[in-house]
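Top line first, the protein sequences correspond to chains A and B.
If you count by numbering that gives the first Met the number 0, then the first sequence holds residues 0 to 262, one letter each, in order.
If you count by numbering that gives the first Met the number 0, then the second sequence holds residues 0 to 298, one letter each, in order.
Treat the hints as calculated values from the structure; they're not laboratory data.
Here the structure is a predicted model, which is why all the values come from computation and not from measurement.
Heads up, the beta-carbon is just placed ideally off N, CA and C, and yes, glycines get one too.
Take these hints with a grain of salt, some might be off.
[As the list claims (entries may be wrong)] Among chain A residues calculated to face chain B with C-beta under 8 Å, some are: (1) Tyr20; (2) Arg91; (3) Ser107; (4) Arg109; (5) Phe114; (6) His119; (7) His123; (8) Arg168.
[Said to hold, decoys possible] The calculated BS3-like cross-link candidates involving lysine-lysine, where the alpha carbons are at most 25 Å apart (straight line), are: (9) B:Lys291 - A:Lys150; (10) A:Lys117 - A:Lys35; (11) A:Lys125 - A:Lys92; (12) A:Lys150 - A:Lys137; (13) A:Lys92 - A:Lys35; (14) A:Lys150 - B:Lys201; (15) B:Lys106 - A:Lys148; (16) B:Lys292 - A:Lys106; (17) A:Lys118 - B:Lys201.
[Stated by the list, open to error] Calculated from the model, a selection of chain B residues having no Cβ within reach of chain A, i.e. all distances over 10 Å: (18) Leu14; (19) Gly18; (20) Phe43; (21) Gly103; (22) Glu114; (23) Tyr180; (24) Arg181; (25) Gly183; (26) Thr190; (27) Lys201; (28) Gly254; (29) Met278.
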Amino acid sequence: MTDQTNSNEALLTTRNVTVTYDLTHEALHPTDLSFKGGEVTALIGPSGCGKSTFLRCLNLMNREIPKCRIGGEIFYHGRNINTKSENLFELRKSIGMVFQQPTPFRKSIRENILFAPKKHGRLHGKDDEDELVETSLKQAALWDEVKDKLKQSAHALSGGQQQRLCIARTLAMKPDVVLYDEPCSALDPISTFTIEETIRSIADSGAGICQIIVTHNMEQAGRVSDRTAFFYMGDMVETGTTQQIFSAPKDQRLSDYLTGRFG
Amino acid sequence: MAKLMPKRRLENIGLGITGACVALVAIVVIALIFMVAQQGLTTFFVDGIDPIEFLTGQHWIPEQDTYGALPMIVGSFAVTLLSTLFALPIAIGSAMFVVEVAPGFGKRVFQPFIELLVGIPSVVYGVLGLYIINSLMRSIFGEAAGTGAGILSGAIVLAVMILPTITTLSIDALRAVPNQYREGSYALGCTRWQTIWHVVLKSALPSLMTAVILGMTRAFGETLAVQMVIGGVERSMPSGLLDPASTLTAALTAGLSNATSGSVYYHALWSLGLILLAMSLVFILIIHLIGKKGAKDNG
């Protein structure tokens with residue numbers, strides 16, 4: 000737990016991480032990256048470049064895909080998690096993930112938030128539950144819109160609200176890493192803006208949560224992230240502060256991508 | 000060379016043919032309901048049997064002009080509910096295995112295998128039931144089972160018969176749950192079991208209910224196999240699961256050969272048919288209601 004006091008140390012580091020589908024096709028070539036608490040990192044690149052594949056390594060979600068293998072080492076709080084003995088379920092309690100399509104469960108708004116914490120035996124009594132629902136929804140900037148209809152089905156919410164509910168649900172687990180896999184690509188511009196604000200406010204709240212967002216939208220990467228990594232054809236080509244990546248790209252492929260020559 | 004037909008005429012012909020198909024189906028259904036209702040209601044309006052007494056009477060003795068259909072109604076419902084109760088856990092369990100645990104095995108081996116069961120004619124189930132289930136009943140329960148024919152035997156045979164229906168539909172129902180729901184649950188650190196139980200089954204609930212009701216409809220309507228193993232006793236109420244009994248369908252088939260057309264007995268058999276028809280309408284209504292509710296819940 001020393002990592003939390005020392006913010007300079009990376010929370011999550013990958014070393015030579017690769018992903019192989021169908022046992023032969025290497026979709027991600029060896030990738031080294033590190034992520035710090037409190038920072039937002041954007042993973043950008045054209046479709047099929049491996050950015051989502053990389054993201055899904057960080058909570059070992061790729062393990063749920065048959066015939067998909069993750070190679071290399073992933074250090075979380077200094078411990079390699081890419082091992083056979085790693086408890087996936089325990090790990091994912093502290094590394095949350097938000098997907099492209101909002102995926103609220105067929106339950107009420109309140110139960111969507113409480114589902115996982117309840118299953119993990121974290122709640123004691125109704126006051127505890129009420130408090131968690133309120134703080135999580137406030138963190139995800141959804142509280143004001145839904146506070147009077149917590150018992151209603153989550154499916155009655157708009158797409159943007161559903162996505163913020165998914166963020167709230169993830170935050171309710173009190174993770175220190177949150178992964179976003181193109182969280183706005185199914186949403187309209189206004190909802191997109193709200194989600195970006197939410198991500199920014201989580202980063203600035205001082206909770207030290209490490210956020211990593213995959214996006215194909217370069218403006219979005221510019222708006223929300225502190226650091227950016229550019230992927231191309233399964234390679235992590237260039238990484239740096241978002242400002243440097245966008246104003247002074249070093250690699251030709253990155254500058255071509257930024258000027259819209261492909262993608 | 001044949002002259003090309005003008006487009007407009009071709010359109011009209013297409014419209015005419017498809018419209019005629021729809022009309023034909025509609026006519027058949029309406030004629031069927033009308034006929035069964037006309038014959039079935041004769042019992043009450045012409046032969047003067049009290050419909051309440053018909054539905055609640057506990058004895059069915061045509062020779063004494065006693066027509067109480069309750070033994071068969073109870074028999075039908077008992078075998079239907081029991082067989083569903085037996086088949087459902089096995090069906091859902093294997094559907095979970097096939098969809099969530101071993102999808103490759105499920106698609107290649109299990110599904111063709113279970114679909115094979117659908118194709119077996121019901122008389123084969125009947126014969127197997129007669130020789131295996133009934134003697135099994137005798138060896139387990141001894142004297143109490145009598146010949147071995149009874150409600151329990153009927154329910155077990157029916158359970159095997161409706162198993163493929165419920166299993167196949169449950170597999171479809173679980174498969175239709177978007178993968179994102181599972182990943183959403185995994186992402187919260189939930190285990191496979193928690194995910195299946197609380198997220199997948201819950202999302203698939205309306206389709207699973209439809210699977211159950213369709214299975215029940217099949218059980219309710221099945222005649223031959225049940226008739227062979229249930230004992231065919233409709234004179235009085237069965238007092239236990241091991242008692243020989245009868246179902247609406249079995250009594251109808253057994254009775255038709257003895258009844259002279261136009262007699263009260265003949266009409267009473269039509270009335271049993273009317274009850275069957277009404278029940279299947281109720282089953283279909285339930286399926287539609289579930290479907291509507293499912294569509295609403297999914298937004």
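Do the hints match the structure? See the list:
| no. | hint | verdict |
| --- | --- | --- |
| 1 | Tyr20 | violated, 16 Å |
| 2 | Arg91 | holds, 4 Å |
| 3 | Ser107 | violated, 11 Å |
| 4 | Arg109 | violated, 15 Å |
| 5 | Phe114 | holds, 7 Å |
| 6 | His119 | holds, 7 Å |
| 7 | His123 | violated, 19 Å |
| 8 | Arg168 | holds, 7 Å |
| 9 | B:Lys291 - A:Lys150 | holds, 21 Å |
| 10 | A:Lys117 - A:Lys35 | violated, 29 Å |
| 11 | A:Lys125 - A:Lys92 | holds, 22 Å |
| 12 | A:Lys150 - A:Lys137 | holds, 17 Å |
| 13 | A:Lys92 - A:Lys35 | holds, 18 Å |
| 14 | A:Lys150 - B:Lys201 | holds, 17 Å |
| 15 | B:Lys106 - A:Lys148 | violated, 42 Å |
| 16 | B:Lys292 - A:Lys106 | holds, 14 Å |
| 17 | A:Lys118 - B:Lys201 | holds, 15 Å |
| 18 | Leu14 | holds, 40 Å |
| 19 | Gly18 | holds, 39 Å |
| 20 | Phe43 | holds, 46 Å |
| 21 | Gly103 | violated, 8 Å |
| 22 | Glu114 | holds, 24 Å |
| 23 | Tyr180 | violated, 6 Å |
| 24 | Arg181 | violated, 8 Å |
| 25 | Gly183 | violated, 4 Å |
| 26 | Thr190 | violated, 5 Å |
| 27 | Lys201 | violated, 5 Å |
| 28 | Gly254 | holds, 48 Å |
| 29 | Met278 | holds, 31 Å |
In this structure, the earlier hints numbered 1, 3, 4, 7, 10, 15, 21, 23, 24, 25, 26, 27 are contradicted, and the remaining ones agree with it.
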